[in-house]
Structure formats: C-alpha cells, structure tokens
Amino acid sequence: DQQVKQNSPSLSVQEGRISILNCDYTNSMFDYFLWYKKYPAEGPTFLISISSIKDKNEDGRFTVFLNKSAKHLSLHIVPSQPGDSAVYFCAASRSGGYQKVTFGTGTKLQVIP
Amino acid sequence: EPEVTQTPSHQVTQMGQEVILRCVPISNHLYFYWYRQILGQKVEFLVSFYNNEISEKSEIFDDQFSVERPDGSNFTLKIRSTKLEDSAMYFCASSGTAGYQPQHFGDGTRLSIL
Chain A
1 DQQVKQNSPS LSVQEGRISI LNCDYTNSMF DYFLWYKKYP AEGPTFLISI
51 SSIKDKNEDG RFTVFLNKSA KHLSLHIVPS QPGDSAVYFC AASRSGGYQK
101 VTFGTGTKLQ VIP
Chain B
1001 EPEVTQTPSH QVTQMGQEVI LRCVPISNHL YFYWYRQILG QKVEFLVSFY
1051 NNEISEKSEI FDDQFSVERP DGSNFTLKIR STKLEDSAMY FCASSGTAGY
1101 QPQHFGDGTR LSIL
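Heads up: the protein sequence lines correspond to chains A and B, in order.
Under our numbering, the first residue of the first sequence carries the number 1, and numbering increases by one thereafter.
Under our numbering, the first residue of the second sequence carries the number 1001, and numbering increases by one thereafter.
It should be emphasised that the hints constitute simulated quantities derived from the structure, not laboratory data.
Remember, it's a predicted structure, so these values are computed and weren't measured experimentally.
Among the hints, erroneous ones may be present.
Said to hold, decoys possible - For lysine-lysine, the following DSSO-like pairs were computed, each having C-alpha atoms within a straight-line distance of at most 27 Å:
| hint | chain 1 | residue 1 | chain 2 | residue 2 |
| --- | --- | --- | --- | --- |
| 1 | A | K5 | A | K108 |
| 2 | B | K1078 | A | K5 |
| 3 | A | K68 | B | K1042 |
| 4 | A | K108 | B | K1078 |
| 5 | A | K5 | B | K1057 |
| 6 | B | K1057 | A | K71 |
| 7 | B | K1042 | A | K71 |
Unchecked claim - Cβ pair distances, simulated, as ranges:
| hint | chain 1 | residue 1 | chain 2 | residue 2 | range |
| --- | --- | --- | --- | --- | --- |
| 8 | A | S74 | B | S1066 | 36 to 42 Å |
| 9 | B | T1076 | A | S95 | 24 to 30 Å |
| 10 | B | Q1014 | A | G16 | 47 to 53 Å |
Here a beta-carbon is modelled for each residue, glycine too, at the ideal position from N, C-alpha and C.
Just need the whole structure built from these sequences, with the hints factored in.
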C-alpha cells in the first residue's frame, strides 16, 4: 500500500548547497502534507506542513512545494547544514482532528561539511 | 517547547506476556495516536483516540491491542499476549483540535519480544 512514496532512499549534499527531497502520493483524498525529520533513537520531529489550498509554504531555511495535479511535493533546504543530516519522512493525511498520518519510507540526507 | 514523553524507552518481554506502553501527550492536545515502526519498514498507523474512544484503527490493531486514557495525562497501549512480530518501535503522538494540526511524536518505546 504505497500511498506515499519517496523514491530516493538517500541523498548527499555539500554544506551550503540546496537539498531537494521529493515525494509522490497516490491518494486524492489527502489534503494535508507534512515533513518530519528523524534522528536515530528519536521520534519523528515535525518540520513543516502544507495544506492543499496552498502550493508553497516557507519556514526559515525550509520550503515545501505542492503540485496537486502531479500529486508531488518537495522539501527544499537552503542552505544545507551538517546538522540537517537525518532521515526525512514525507507524510500525508486528510484534514480533520483525528486523521491518521500515512508515511513514506524516508530519505536519508547526508550534508557533507 | 512542550513534548510527548514515552516510557519505558526499551521494554524486553517474553512472548505471550502482556505489556503496557505509556505516553504523556502534550497537555492541551486532545487527539492521541499510536504508530509503530518495524525495523527497516515504514512508520505505520495503529490507532487514533479522541474523547475517550477509538476514532480509527488499522488492521494491525486487532483484539490483542487496547488503548486507554486512565487519567488526565497518560495514554497507554496494551498488548495482551505478545508475539515475536510485535517487536518494533512504538511511537505515541498527539495533536491539537483545530483544522490542520501536525501530530507531534514522542521518542518511542523499543519493544523486544523474546
């Protein structure tokens, strides 16, 4: 049941450059999308989200883009820092209080100093 | 910043034994969730809980599983008779009530069934 797909299991980027993480979804009922960051031995940490009424949301160095027609979203990190090295999960849900979140498989980002 | 706390961080249990995983959600949140992640696999939804009842559960959440909010702060997941395949990281999450609210996760309990 691959409703949320992250096709790149890993990504290496030089410090200071842009990191672009991609995600595709198949369920048209999803209208709320999130990115979580996860370090080993910790839980997923909420990073940034976007609702389907927007196509871009920005928070500091992090920007999420949503292309509804392509069912595609991406996370841009500019500039990338070594502390950004972690596994990034794309996730999606339907809006509403108790809706479950469906996670992708994650992309391991390594930022090289 | 408020956070979700989970105890214990690691639980080792013999197969067939009961186990209770505990969570303290963020204090003003009213929606609570359990997820699990088997090693090497995706984070999977187990159950959501609101107003003292289950809102939704996955097919993983069978009769061996139950959740409870025994008081105003704790939220628990009980597995009645553990199986080897229950070995996983179990994450508790909570979220606010209005509109588009992200779920915030605890650091998880690693459950190892022997």
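Hints, one by one, checked against the model:
1. Simply put, K5 of chain A and K108 of chain A have alpha-carbon atoms about 14 Å apart, close enough for the 27 Å limit, and the pair holds.
2. The straight-line distance between the Cα atoms of K1078 of chain B and K5 of chain A is roughly 31 Å, outside the 27 Å bound, and the hint therefore fails.
3. Distance hint between K68 of chain A and K1042 of chain B is fulfilled; the C-alpha atoms sit about 24 Å from each other, no more than 27 Å.
4. The straight-line distance between the Cα atoms of K108 of chain A and K1078 of chain B is roughly 32 Å, outside the 27 Å bound, and the hint therefore fails.
5. Of the pairs offered as hints, the one joining K5 of chain A and K1057 of chain B holds, with about 22 Å between alpha carbons and a cut-off of 27 Å not exceeded.
6. Taking the CA atoms of K1057 of chain B and K71 of chain A, the gap is about 26 Å. The hint holds against a cut of 27 Å.
7. At roughly 20 Å between alpha-carbon atoms, K1042 of chain B and K71 of chain A fall within 27 Å of each other, so this suggested pair holds.
8. For S74 of chain A and S1066 of chain B, the Cβ-Cβ distance of about 39 Å falls inside the hinted range of 36 to 42 Å, so the restraint holds.
9. At about 28 Å, the beta-carbon gap between T1076 of chain B and S95 of chain A stays in the expected band of 24 to 30 Å.
10. For Q1014 of chain B and G16 of chain A, the hinted distance range of 47 to 53 Å is satisfied, since their beta carbons lie about 51 Å from each other.
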